[in-house]
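Enquirer: Residues per chain are reported as follows:
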Amino acid sequence: MSVLGIIFSNIHDENVADLTRLRTMASVPYGCRYRLIDFALSNMVNSGISRVGVITHYNYQSLMDHIGSGKDWDLARRSGGIQILPPYITAFASSRPEVYNTRLEALMGIVSYIQGAREEYVILTDCDVICNMDFSAIIQRHIDTGADCTIATKKSYLVTKSGTSNNVELFYNENGDVTDIAEHNSVEPAYCNVNLNIYVMNRKYLEEIVLDSVAHGYKSFTKDVLARRIGRDKIKAYECDGYFATVDSMAEYFACSMDLLNPGTRRELFGVADRPIFTKVRNSAPTQYSATAVTKNCLIADGCVIEGTVENCILFRGVKIGRGTTVKNSILMQDTVVGDNVYLNCVITDKSAVVRDGRVLSGHESKPYFIEKNLTV
Amino acid sequence: MIKRKECVAMLLAGGQGSRLYLLTERLAKPAVPFGGKYRIIDFPISNCINSGIDTVGVLTQYQPLALNEYIGNGQPWDLDRVYGGVMMLPPYQGLKRADWYKGTANAIYQNMQFIEKYDPEYVLILSGDHIYRMDYAKMIKEHKRNKADCTIAVIDVPLAEASRFGIMSAREDMSIYDFEEKPKNPKSTMASMGVYVFSKEKLFSYLIADEQDENSDKDFGKNVIPAMLKAGERMFAYRFEGYWKDVGTVSSLWEANMDLLGDNPQLDLNDGSWKIYSRSNAYPPHYVGESAVIKNSQVTEGCEIYGTVINSVIGGGVTVARGATVKDSVLFDNITVSEGASVYYSMVDSGTVVGKNSTVGKDKDEGGKLTLVGSGLNIADGISVPDGELISQKTLADIGGEAGAK
Numbered sequence: 001m002s003v004l005g006i007i008f009s010n011i012h013d014e015n016v017a018d019l020t021r022l023r024t025m026a027s028v029p030y031g032c033r034y035r036l037i038d039f040a041l042s043n044m045v046n047s048g049i050s051r052v053g054v055i056t057h058y059n060y061q062s063l064m065d066h067i068g069s070g071k072d073w074d075l076a077r078r079s080g081g082i083q084i085l086p087p088y089i090t091a092f093a094s095s096r097p098e099v100y101n102t103r104l105e106a107l108m109g110i111v112s113y114i115q116g117a118r119e120e121y122v123i124l125t126d127c128d129v130i131c132n133m134d135f136s137a138i139i140q141r142h143i144d145t146g147a148d149c150t151i152a153t154k155k156s157y158l159v160t161k162s163g164t165s166n167n168v169e170l171f172y173n174e175n176g177d178v179t180d181i182a183e184h185n186s187v188e189p190a191y192c193n194v195n196l197n198i199y200v201m202n203r204k205y206l207e208e209i210v211l212d213s214v215a216h217g218y219k220s221f222t223k224d225v226l227a228r229r230i231g232r233d234k235i236k237a238y239e240c241d242g243y244f245a246t247v248d249s250m251a252e253y254f255a256c257s258m259d260l261l262n263p264g265t266r267r268e269l270f271g272v273a274d275r276p277i278f279t280k281v282r283n284s285a286p287t288q289y290s291a292t293a294v295t296k297n298c299l300i301a302d303g304c305v306i307e308g309t310v311e312n313c314i315l316f317r318g319v320k321i322g323r324g325t326t327v328k329n330s331i332l333m334q335d336t337v338v339g340d341n342v343y344l345n346c347v348i349t350d351k352s353a354v355v356r357d358g359r360v361l362s363g364h365e366s367k368p369y370f371i372e373k374n375l376t377v
Numbered sequence: 001m002i003k004r005k006e007c008v009a010m011l012l013a014g015g016q017g018s019r020l021y022l023l024t025e026r027l028a029k030p031a032v033p034f035g036g037k038y039r040i041i042d043f044p045i046s047n048c049i050n051s052g053i054d055t056v057g058v059l060t061q062y063q064p065l066a067l068n069e070y071i072g073n074g075q076p077w078d079l080d081r082v083y084g085g086v087m088m089l090p091p092y093q094g095l096k097r098a099d100w101y102k103g104t105a106n107a108i109y110q111n112m113q114f115i116e117k118y119d120p121e122y123v124l125i126l127s128g129d130h131i132y133r134m135d136y137a138k139m140i141k142e143h144k145r146n147k148a149d150c151t152i153a154v155i156d157v158p159l160a161e162a163s164r165f166g167i168m169s170a171r172e173d174m175s176i177y178d179f180e181e182k183p184k185n186p187k188s189t190m191a192s193m194g195v196y197v198f199s200k201e202k203l204f205s206y207l208i209a210d211e212q213d214e215n216s217d218k219d220f221g222k223n224v225i226p227a228m229l230k231a232g233e234r235m236f237a238y239r240f241e242g243y244w245k246d247v248g249t250v251s252s253l254w255e256a257n258m259d260l261l262g263d264n265p266q267l268d269l270n271d272g273s274w275k276i277y278s279r280s281n282a283y284p285p286h287y288v289g290e291s292a293v294i295k296n297s298q299v300t301e302g303c304e305i306y307g308t309v310i311n312s313v314i315g316g317g318v319t320v321a322r323g324a325t326v327k328d329s330v331l332f333d334n335i336t337v338s339e340g341a342s343v344y345y346s347m348v349d350s351g352t353v354v355g356k357n358s359t360v361g362k363d364k365d366e367g368g369k370l371t372l373v374g375s376g377l378n379i380a381d382g383i384s385v386p387d388g389e390l391i392s393q394k395t396l397a398d399i400g401g402e403a404g405a406k
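Residue numbers (my numbering), protein chains in the order written: chain A, 1 to 377; chain B, 1 to 406.
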């Protein structure tokens with residue numbers, strides 16, 4: 001089977017505004033050495049997909065830096081490979097000189113890329129899908145059932161948070177035919193089938209719905225396109241299991257980072273045979289533990305120097321922890337330097353943050369204390 | 001359109017490294033793991049790319065498979081180039097003859113065509129068994145300034161150890177007037193590091209002459225350098241200051257690994273100004289459990305540590321289970337130290353499993369000797385592997401009978 005991959009890199013950016021102020025959702029750091037897009041990209045590569053388009057909108061410099069030529073994912077190809085698809089405004093035609101706002105408008109912008117591809121099928125995913133999933137299985141099911149569109153879904157607890165609308169519930173019958181699709185509206189936590197925002201379609205079908213949407217001036221992929229086509233076209237649900245997380249708030253980011261301290265989660269994300277998660281190689285030296293280091297229940301990348309006490313933490317590459325310092329329940333991103341005799345609890349530091357000697361900082365799981373990139377406290 | 005290269009590096013990676021015993025049974029010495037995530041060859045190759053040398057020939061002969069696979073197209077070192085880059089150079093069958101590489105000089109002699117293709121001014125000769133970070137560009141600059149025919153990198157060694165090395169004697173301007181290979185009574189403490197810069201024309205003429213000399217061992221140290229010195233060529237020593245270690249023996253390889261540890265390690269690989277590159281394994285970050293104790297050690301990606309690790313260098317994908325102890329040891333990759341097991345003062349090769357409550361080696365503080373454990377072994381539960389030994393499948397069977405070689 002020949003499949004084209006498309007990743008939306010700026011989706012849900014507003015959910016974690018602190019982290020996406022200077023980057024795309026796709027390049028949000030996660031799990032000591034990864035960026036969120038590594039999961040979608042690795043899943044595609046591990047499923048034999050060798051042509052991937054990444055749709056960007058704004059702030060995509062960090063993403064381009066991360067992806068480079070794509071060689072770390074084996075996507076630096078003469079034919080196919082990875083391609084960044086930035087937005088563009090045509091010089092003459094546009095009466096509204098603005099870039100797209102929705103998923104559907106983004107697809108309209110790359111319609112020529114979709115038309116120019118030779119692949120028979122397309123898989124579309126968001127960038128904040130933290131999972132290790134065999135995409136070839138869902139594609140195979142799509143082919144076997146002869147569906148027009150197959151949507152990945154997973155049963156999980158949903159709570160509607162104010163202002164976020166990315167939780168879409170999927171209703172389907174025992175044959176897997178989708179019967180309804182709607183934004184989840186219950187305030188109570190509910191166990192339901194969540195749309196994982198991973199879609200498989202025939203490329204021609206995608207082309208058709210995008211051109212049809214242009215003709216009708218549709219805006220929303222879910223409400224205007226999918227909802228209208230239910231019952232008319234063959235839209236199937238595909239049930240997934242295994243670990244799956246998306247990032248819909250800072251608290252959620254904190255929680256799904258801390259999930260990695262659980263051996264089961266690590267096994268489901270990183271321990272799957274033949275499906276490694278790839279990322280940009282930084283060539284840091286191994287992590288140094290000094291004679292004074294105390295480390296308990298931590299996930300740690302290479303290049304760290306630990307002289308103090310670290311408990312229940314996620315340490316990215318090149319983090320330094322000083323003497324007499326205690327860091328608990330925190331996420332310290334790349335090249336964070338924590339001085340001597342510091343106390344940190346429930347803190348998230350962005351890249352290259354510095355915490356000076358003797359500082360005491362604490363947040364809470366529901367509202368982690370955030371230190372911006374390059375900031376010195 | 002062919003561009004000239006100013007300097008081509010030739011890396012001698014064909015040696016067996018027989019003094020590393022079990023470690024080089026299946027792979028050439030330059031492919032032996034070092035420092036958790038590296039292999040010895042990463043050091044000279046990274047030095048090349050950091051020094052701006054982008055054409056590197058790797059001369060292989062003994063067990064080249066692991067090395068070939070590891071180097072691949074040179075991508076991890078940025079040596080996948082349109083023109084130049086890294087190339088493996090095994091012995092080959094020619095029109096008139098086919099020969100193994102008979103010595104270091106002969107290996108270069110047989111690849112003169114490769115060098116000629118790039119028409120370089122200088123040829124840098126390196127060996128694949130040293131751990132050091134060195135800017136070859138500075139050395140080449142010095143070579144040019146001296147208008148030298150050959151420049152040999154030297155490092156000061158203690159007088160007591162000088163008789164293990166090739167020793168240079170130089171005048172004040174660093175021009176060499178004497179060279180002795182492993183002298184009994186060394187006249188100086190300047191030891192050759194096995195890093196040579198030659199002007200290409202001179203090198204070729206001496207290699208051709210040496211090839212015709214039937215009594216020659218076809219070796220740089222024994223034949224080519226003395227011949228050039230005798231003929232009065234312009235030969236200079238280039239003094240290198242910094243960390244350098246020959247890791248040709250089990251104990252020196254263990255020591256070099258230990259030099260990575262401490263608050264001010266002798267060899268600090270965290271220094272980003274001169275990175276050492278290696279091929280990545282796409283391992284996840286390492287996890288340190290609730291019950292773990294890690295002191296004065298180095299741990300890398302893919303590890304799961306639940307036990308105690310003291311004064312040790314742990315390679316990728318290693319598991320140290322709850323209640324297990326690793327002390328004063330160097331573990332290569334993908335090793336499992338099971339519950340209650342202990343590894344003292346040992347170097348353990350890749351993929352070995354130490355069974356539950358087994359003990360390997362003896363504590364260094366209690367007078368234990370360095371133990372070397374081979375790759376892919378299954379050390380059974382509850383057995384004791386004596387210190388100071390070379391542990392292979394066979395020795396395991398001798399120790400534990402049926403249980404030892406499960």
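Because the hints were derived from the structure by calculation, they are not lab data. Hints may be right or wrong, so weigh each one.
[As the list claims (entries may be wrong)] Simulated restraints on C-beta separations: (1) LYS204(A) / VAL82(B): 32 to 42 Å; (2) GLU290(B) / LYS367(A): 44 to 54 Å; (3) LYS219(A) / MET87(B): 24 to 34 Å; (4) GLU161(B) / THR292(A): 32 to 42 Å; (5) GLU120(A) / SER18(B): 53 to 63 Å; (6) LEU95(B) / ARG78(A): 26 to 36 Å; (7) VAL82(B) / GLU120(A): 48 to 58 Å; (8) GLU116(B) / ASP74(A): 48 to 58 Å; (9) PRO90(B) / SER2(A): 29 to 39 Å; (10) GLU174(A) / GLY272(B): 30 to 40 Å; (11) ALA209(B) / GLY48(A): 18 to 28 Å; (12) GLY48(A) / PRO90(B): 43 to 53 Å; (13) TRP274(B) / ASP274(A): 31 to 41 Å.
Just so it is clear, CB atoms sit at the ideal spot from N, CA and C, and this is done for glycine as well.
Enquirer: All the hints need checking, so say for each whether the structure fits it.
Expert: Quick rundown of the hints versus the structure:
Checking the proposed 32 to 42 Å range against LYS204(A) and VAL82(B) shows it holds: the Cβ atoms sit about 38 Å from each other. GLU290(B) and LYS367(A) have their C-beta atoms about 26 Å apart, which leaves the hinted 44 to 54 Å range violated. Separated by about 56 Å at the C-beta atoms, LYS219(A) and MET87(B) break the suggested range of 24 to 34 Å. In this structure, GLU161(B) and THR292(A) meet the distance hint of 32 to 42 Å, their C-beta atoms being roughly 34 Å apart.
A C-beta distance of roughly 57 Å is found between GLU120(A) and SER18(B), which places it inside the suggested range of 53 to 63 Å. Between LEU95(B) and ARG78(A) the CB atoms are about 35 Å apart, so this pair conforms to the stated range of 26 to 36 Å. In this structure the supplied range 48 to 58 Å is violated for VAL82(B) paired with GLU120(A), their Cβ-Cβ distance being about 34 Å. Restraint check, GLU116(B) to ASP74(A): a C-beta distance of roughly 35 Å breaks the suggested window 48 to 58 Å.
Between PRO90(B) and SER2(A) the Cβ separation comes to about 38 Å, which falls inside the hinted range of 29 to 39 Å. For the pair GLU174(A) and GLY272(B), the supplied restraint of 30 to 40 Å is violated, since their beta-carbon distance comes to about 58 Å. About 56 Å separates the C-beta atoms of ALA209(B) and GLY48(A), a value inconsistent with the hinted range of 18 to 28 Å. Under the hint 43 to 53 Å, the C-beta atoms of GLY48(A) and PRO90(B), about 33 Å apart, miss the expected range.
Taken as a hint, the range 31 to 41 Å holds for the pair TRP274(B) and ASP274(A), whose Cβ atoms sit roughly 36 Å apart.
Consistency with the previously given hints fails for numbers 2, 3, 7, 8, 10, 11, 12, ordered from lowest to highest.
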